[in-house]
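Residue numbers (my numbering), protein chains in the order written: chain E, 1 to 114; chain L, 115 to 227.
These are computed hints drawn from the structure, not numbers from a lab. From the three backbone atoms N, C-alpha and C, an ideal C-beta is built for every residue, glycine too. Incorrect hints may have been included.
A short, non-exhaustive set of chain E residues, derived as facing chain L with CB atoms under 10 Å [what the hints assert, rightly or not]:
(1) Cys12
(2) Gly15
(3) Tyr36
(4) Gln38
(5) Gly43
(6) Tyr46
(7) His49
(8) Lys101
(9) Thr106
(10) Gln111
(11) Val112
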Amino acid sequence: DAKTTQPPSMDCAEGRAANLPCNHSTISGNEYVYWYRQIHSQGPQYIIHGLKNNETNEMASLIITEDRKSSTLILPHATLRDTAVYYCIVRESFYTGTASKLTFGTGTRLQVTL
Amino acid sequence: KAGVTQTPRYLIKTRGQQVTLSCSPISGHRSVSWYQQTPGQGLQFLFEYFSETQRNKGNFPGRFSGRQFSNSRSEMNVSTLELGDSALYLCASSPGQGSETQYFGPGTRLLVL
């Protein structure tokens with residue numbers, strides 16, 4: 001079972017920041033938080049990941065709370081092309097026999113509107 | 115670098131047939147994982163191959179199998195197709211040395227009639 005909880009859907013106006021929350025209250029100290037998104041019927045696209053510090057790349061920012069029990073993915077200026085299902089995934093930070101398996105939940109369907 | 119490629123992109127089969135799907139990982143990546151996506155069950159892990167060996171396996175029946183070649187390309191096979199096998203089959207590659215980021219291909223959409 002997925003170890004994360006996300007709202008099923010969110011709306012965001014184009015040009016505004018999209019803030020997608022994720023709860024992972026049972027996360028352990030050696031687990032990363034990963035974010036992927038999937039645009040309709042395409043393969044999931046990697047966005048960003050982090051362990052405990054906030055992270056930023058050209059696509060998004062990831063804010064992880066100090067207790068690591070929740071995180072927020074921020075798309076700073078959402079566009080219509082950001083309309084997709086966003087998945088938050090918890091994953092072991094070092095290789096074990098099961099680390100290769102990504103466990104996807106149901107994700108958040110983000111709709112960006114004009 | 116070129117991304118993960120999957121062939122064919124679309125496939126139609128009938129019940130009872132078998133099917134083979136192919137995945138070419140990103141150059142230099144040695145791990146290939148396969149996933150099945152259906153509307154009812156979402157994205158589910160099938161198996162992972164690394165250095166031509168199955169390293170991890172999901173909860174799927176034995177009709178689902180795979181293999182990996184010395185150039186890291188991978189194939190998955192589904193025998194005795196059932197209607198419920200209609201799905202988007204995705205493969206993802208990673209370097210394979212640790213818990214690195216997996217990068218997904220565009221998928222193969224299989225329709226079983």
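Status of the hints after comparison with the structure:
no. : hint   : result
1   : Cys12  : violated, 23 Å
2   : Gly15  : violated, 28 Å
3   : Tyr36  : holds, 8 Å
4   : Gln38  : holds, 8 Å
5   : Gly43  : holds, 4 Å
6   : Tyr46  : holds, 5 Å
7   : His49  : holds, 7 Å
8   : Lys101 : holds, 4 Å
9   : Thr106 : holds, 6 Å
10  : Gln111 : violated, 18 Å
11  : Val112 : violated, 22 Å
Going through the hint list in order, the structure does not satisfy hints 1, 2, 10, 11.
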